[in-house]
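Visitor: Okay, here's what each chain looks like letter by letter:
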Amino acid sequence: MSKGRDKFNIHSKAVVCQDVDLKGDITIGAGTIVHPKATIFAAGGPIVIGQGCIIEEGAIILNRHREVMRIGDDNLFEIGCRVECPSIGDFNTFCTRSRVHNTVRIPSYCVIGAGCLVVPLEDEILDEYTVIYGPAAEKRVWSGRGRVQEADLRRKHADYLKEMLPKFNRLRRGDGA
Amino acid sequence: MPPSIEFYCPCLASTPHPPPPHLASSSYSFHPLHNLFFCEECDAIRCNRCVMVEVSGYYCPNCLFEVPSASVRAEKNRCARNCFMCPNCRNTLTVVPSDPPDTGAAIVNTVGEPPFFLYCNHCRWDSAEVGITFEKPTGLAAQLQKYEDSAPESLEFERLKEHYEPHLRASPSTGPAAPHSHHTHTNPITAAASSALARDIPGVGKYTPHSSSVGRNRSSRNKGNYNEVPDYRARVEIGSSNFTMGGGGETDVDLMKHLEDMSEIATLEQRWENSWMTSLQTGDLKPLRIPLHSKKSKRCPSCRHILIKPEQKAQSVRYKIKLVAANYLPAITVSLPHLYAVLAAMRKPGKTPQLSDIESTMHAGKTYSFQLSFTNPLYDPIQVRLHVQRSLPSSSMAEDGGGPSEKRRPPFSVTLPSSAFPIAAYAEAWEYEDDEEMFGVEEDDFDGGGGGRGGGREQGRGRTKTIGILERRANVTVIGGEVAISKEARGNIKFNMLVSYTYRSDDSEPSEEQSTPSRAQVQNREPEMKTFSFYTAIDLGTIIPREEHKSDAMEY
Numbered sequence: 001m002s003k004g005r006d007k008f009n010i011h012s013k014a015v016v017c018q019d020v021d022l023k024g025d026i027t028i029g030a031g032t033i034v035h036p037k038a039t040i041f042a043a044g045g046p047i048v049i050g051q052g053c054i055i056e057e058g059a060i061i062l063n064r065h066r067e068v069m070r071i072g073d074d075n076l077f078e079i080g081c082r083v084e085c086p087s088i089g090d091f092n093t094f095c096t097r098s099r100v101h102n103t104v105r106i107p108s109y110c111v112i113g114a115g116c117l118v119v120p121l122e123d124e125i126l127d128e129y130t131v132i133y134g135p136a137a138e139k140r141v142w143s144g145r146g147r148v149q150e151a152d153l154r155r156k157h158a159d160y161l162k163e164m165l166p167k168f169n170r171l172r173r174g175d176g177a
Numbered sequence: 001m002p003p004s005i006e007f008y009c010p011c012l013a014s015t016p017h018p019p020p021p022h023l024a025s026s027s028y029s030f031h032p033l034h035n036l037f038f039c040e041e042c043d044a045i046r047c048n049r050c051v052m053v054e055v056s057g058y059y060c061p062n063c064l065f066e067v068p069s070a071s072v073r074a075e076k077n078r079c080a081r082n083c084f085m086c087p088n089c090r091n092t093l094t095v096v097p098s099d100p101p102d103t104g105a106a107i108v109n110t111v112g113e114p115p116f117f118l119y120c121n122h123c124r125w126d127s128a129e130v131g132i133t134f135e136k137p138t139g140l141a142a143q144l145q146k147y148e149d150s151a152p153e154s155l156e157f158e159r160l161k162e163h164y165e166p167h168l169r170a171s172p173s174t175g176p177a178a179p180h181s182h183h184t185h186t187n188p189i190t191a192a193a194s195s196a197l198a199r200d201i202p203g204v205g206k207y208t209p210h211s212s213s214v215g216r217n218r219s220s221r222n223k224g225n226y227n228e229v230p231d232y233r234a235r236v237e238i239g240s241s242n243f244t245m246g247g248g249g250e251t252d253v254d255l256m257k258h259l260e261d262m263s264e265i266a267t268l269e270q271r272w273e274n275s276w277m278t279s280l281q282t283g284d285l286k287p288l289r290i291p292l293h294s295k296k297s298k299r300c301p302s303c304r305h306i307l308i309k310p311e312q313k314a315q316s317v318r319y320k321i322k323l324v325a326a327n328y329l330p331a332i333t334v335s336l337p338h339l340y341a342v343l344a345a346m347r348k349p350g351k352t353p354q355l356s357d358i359e360s361t362m363h364a365g366k367t368y369s370f371q372l373s374f375t376n377p378l379y380d381p382i383q384v385r386l387h388v389q390r391s392l393p394s395s396s397m398a399e400d401g402g403g404p405s406e407k408r409r410p411p412f413s414v415t416l417p418s419s420a421f422p423i424a425a426y427a428e429a430w431e432y433e434d435d436e437e438m439f440g441v442e443e444d445d446f447d448g449g450g451g452g453r454g455g456g457r458e459q460g461r462g463r464t465k466t467i468g469i470l471e472r473r474a475n476v477t478v479i480g481g482e483v484a485i486s487k488e489a490r491g492n493i494k495f496n497m498l499v500s501y502t503y504r505s506d507d508s509e510p511s512e513e514q515s516t517p518s519r520a521q522v523q524n525r526e527p528e529m530k531t532f533s534f535y536t537a538i539d540l541g542t543i544i545p546r547e548e549h550k551s552d553a554m555e556y
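If you're matching them up, the sequences are chains A and B in order.
Heads up: the first sequence begins at 1 in my numbering, then just goes up one per residue.
Heads up: the second sequence begins at 1 in my numbering, then just goes up one per residue.
Where hints are given, some of them may not hold.
Not the full set, but computed from the structure, chain B residues with beta-carbon under 10 Å of chain A [what the hints assert, rightly or not]:
(1) ASN88
(2) CYS89
(3) VAL96
(4) SER98
(5) PRO100
(6) PRO114
(7) PHE117
(8) TYR119
(9) HIS122
(10) ARG124
(11) ASP126
(12) GLU129
(13) SER263
(14) ALA427
(15) TRP430
Restricting the straight-line Cα-Cα distance to at most 16 Å, the calculated cross-link-like pairs of lysine to aspartate or glutamate (EDC-like) are [to be verified]:
(16) LYS296/B / GLU54/B
(17) LYS13/A / ASP73/A
(18) LYS139/A / ASP261/B
(19) LYS139/A / GLU311/B
(20) LYS167/A / ASP152/A
(21) LYS298/B / GLU311/B
For each label pair, taking beta carbons as the anchor points, the in silico distance ranges come out as [what the hints assert, rightly or not]:
(22) ASN169/A / ARG347/B: 32 to 38 Å
(23) GLU148/B / ASP152/A: 32 to 38 Å
(24) CYS63/B / ASP21/A: 40 to 46 Å
(25) GLN18/A / PRO68/B: 55 to 61 Å
(26) ASP21/A / GLN383/B: 58 to 64 Å
(27) ASP284/B / HIS157/A: 35 to 41 Å
(28) LEU268/B / LEU161/A: 40 to 46 Å
(29) SER71/B / ASP152/A: 37 to 43 Å
(30) LEU268/B / GLU128/A: 40 to 46 Å
(31) MET262/B / ASP6/A: 46 to 52 Å
(32) GLY491/B / HIS157/A: 54 to 60 Å
Read the hints as simulated data drawn from the structure, not as lab findings.
Source: prediction; values computed, not measured.
We treat Cβ as the ideally placed atom computed from N, Cα and C, and that holds for glycine.
Looking at chain A on its own, in the form it has when it is part of the complex (with noise of 0.2 Å):
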């Protein structure tokens, strides 16, 4: 693991708190709000995370690889579970104690279900609005009819953590390297 100095770009906006585990290069949006505990490890390349995204207690993501690791807006990083695409695209759910391989590339509107494993031998792109879902992990493709309504839930749910992390959690001020 190559010992890179720790740069956090965090905006202004962006909602960190203190007990989040931080380790690399990362940049993170502004509005996305990451719980404590959580986990970004930006081990063999930098990470950059888009706006408006929630990351939840226990998450790990984790870039093992030279490459930039991308994750788009609006999306959700459930409990437990474990991140390693080299890309993601916008409005995606990685349900509680899912696990994606590093193999996978994501677009956005997709849904990885609870305890799924997504760990495919060669690399895969996933299609637009894929679920995963069931012990066996199942795929089938959803016909986005709802979308809006979900989205919407999503800001909600931004702005809710917003407004109520801060009075309960202390936050972690940006800081440089």
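Fit chain B to the known structure of chain A by using the hints.
Guide: This is chain B only, laid out in the frame that chain A set:
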């Protein structure tokens, strides 16, 4: 596999002796304690195999609505209210409004806009994929009713019922004026069942309850219904090509020939929820009504005493009557103390090994000690005696031995204290004394494996106590035993153990409470001790055979 113990239920067998536990077929007679019931009248263990089960009520698992038994048949065992099941993943569907039109304002109405459809939160299937949408979010059952009624299967079923109903109603009236009340069925389906039972079978004498009117019955019944029923003609010819419904006709073959992707065919789990065969395509799967669940009550098979009776309300999981074996029999757990030393050795940083990770630790030719802890559920103290049954070697052993009669030595021998040991009564936690009592070994008796050295022998205090009462704490007593494994043993260590315990029966009352105790009454009121015994099967685990050690030794 960690060591386990299971209890034997004789299931009304004539002999109380259990089958040998190493046979695979005997595993069905042995149950863990939490699966067993106890009948107080018969003083016997009952299990799920021998108990009589009857339905005590029906309810929908989604809305928890109790459905009266009369409407269960009418609704075809499904929930009549708005409960639907996703055909894809069999989760519950929720009613959801459609997305608002894209005006760019990003303000969503809280009530939601029509059209509404059913949506599965787990796999994101929605009913709009099959074209089912609603105008209102309530009253879905009525809205879907017309879809269901127009399906070809239900039309066929209705037609069948209409065809046979007049004949079934007519059949009791063609017979003599019999006072059999059971013939006058209002429901045509049960009438059909009872007249099918009374059907004329060639070669078997006809059963008529009234012998006086035998002649008239026979002639009128023979002429009666079954010659007059016209042939039923189905609505649609079954063999025609456009009506196969998954039955394997021409349409299905065409479907298979033009198949492009495996996911187009519905899986078996998705299709067998229906009452009849449906089409094979995934695109044809419709939301199903949720099937009802039933609450069952269980009775003893011999005395018909109720053992289990659940509460009437669907959402309560408690029971009105709950005669479970755990309230009468002592709970027994088995442990091997040397496993914990192995666990500690296996411990790696950051990873705690579990007992199930250890495959087996017992080597042939050695002696291991094991511990049994007994927990007394009764409010009176009990005295327990143990008795181990001799186990014969399995047939695989005989093959190794070279001759069937040559090596009939049992593969292992188990030593357990054979004297009775007491277990204290169950009481609330604050009633127990703080200091624990440690009892030493009082008596030792070797059992099995070559010669009985009977009689008691006092153990020296200096020796570590492995056999006998190890610990007595609250209402738990821990007993130690030893198992000596012979050199040629292989397989699992399983043996039957008879546990008998003596307790004061509930009929006794202390004589001080009597106002005028006469001598005879005092005699009757003395507590009588009752004994109950049951068999258990103890599995200590697998033996690591000695072969590998021998081959290692031969290399030198």
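Visitor: For each hint, tell me whether it holds in the structure or not.
Guide: Each hint, compared with the structure:
1. ASN88: holds (7 Å)
2. CYS89: holds (6 Å)
3. VAL96: VAL96/B check passes; min Cβ-Cβ to chain A is 6 Å, inside 10 Å.
4. SER98: holds (7 Å)
5. PRO100: holds (6 Å)
6. PRO114: Since the shortest Cβ distance to chain A is 13 Å, the answer is violated.
7. PHE117: holds (8 Å)
8. TYR119: At 7 Å from the nearest chain A Cβ, TYR119/B passes the 10 Å test, so the hint holds.
9. HIS122: Hint on HIS122/B: holds, closest Cβ of chain A at ~5 Å, below 10 Å.
10. ARG124: Since chain A brings a Cβ to about 4 Å from ARG124/B, closer than 10 Å, the hint holds.
11. ASP126: holds (6 Å)
12. GLU129: Hint holds; GLU129/B Cβ to chain A Cβ min 6 Å, cut 10 Å.
13. SER263: holds (8 Å)
14. ALA427: violated (42 Å)
15. TRP430: violated (39 Å)
16. LYS296/B / GLU54/B: holds (6 Å)
17. LYS13/A / ASP73/A: Within the cut-off at roughly 14 Å; holds.
18. LYS139/A / ASP261/B: holds (13 Å)
19. LYS139/A / GLU311/B: With a Cα-Cα distance of about 41 Å, the restraint between LYS139/A and GLU311/B is violated, given a limit of 16 Å.
20. LYS167/A / ASP152/A: violated (24 Å)
21. LYS298/B / GLU311/B: The given pair, whose Cα atoms are some 13 Å apart, holds under the 16 Å limit.
22. ASN169/A / ARG347/B: 32 to 38 Å: holds (35 Å)
23. GLU148/B / ASP152/A: 32 to 38 Å: holds (34 Å)
24. CYS63/B / ASP21/A: 40 to 46 Å: Holds, since CYS63/B and ASP21/A (Cβ atoms, about 44 Å apart) stay within the stated range.
25. GLN18/A / PRO68/B: 55 to 61 Å: Holds: the Cβ-Cβ distance is about 59 Å, inside 55 to 61 Å.
26. ASP21/A / GLN383/B: 58 to 64 Å: holds (59 Å)
27. ASP284/B / HIS157/A: 35 to 41 Å: Given a distance of about 37 Å, which is inside 35 to 41 Å, the answer is holds.
28. LEU268/B / LEU161/A: 40 to 46 Å: With Cβ atoms ~44 Å apart, the hint holds.
29. SER71/B / ASP152/A: 37 to 43 Å: Holds, at about 41 Å.
30. LEU268/B / GLU128/A: 40 to 46 Å: The hint (40 to 46 Å, Cβ to Cβ) is violated, given that LEU268/B and GLU128/A are roughly 30 Å apart.
31. MET262/B / ASP6/A: 46 to 52 Å: Check passed, 48 Å falls within 46 to 52 Å.
32. GLY491/B / HIS157/A: 54 to 60 Å: holds (58 Å)
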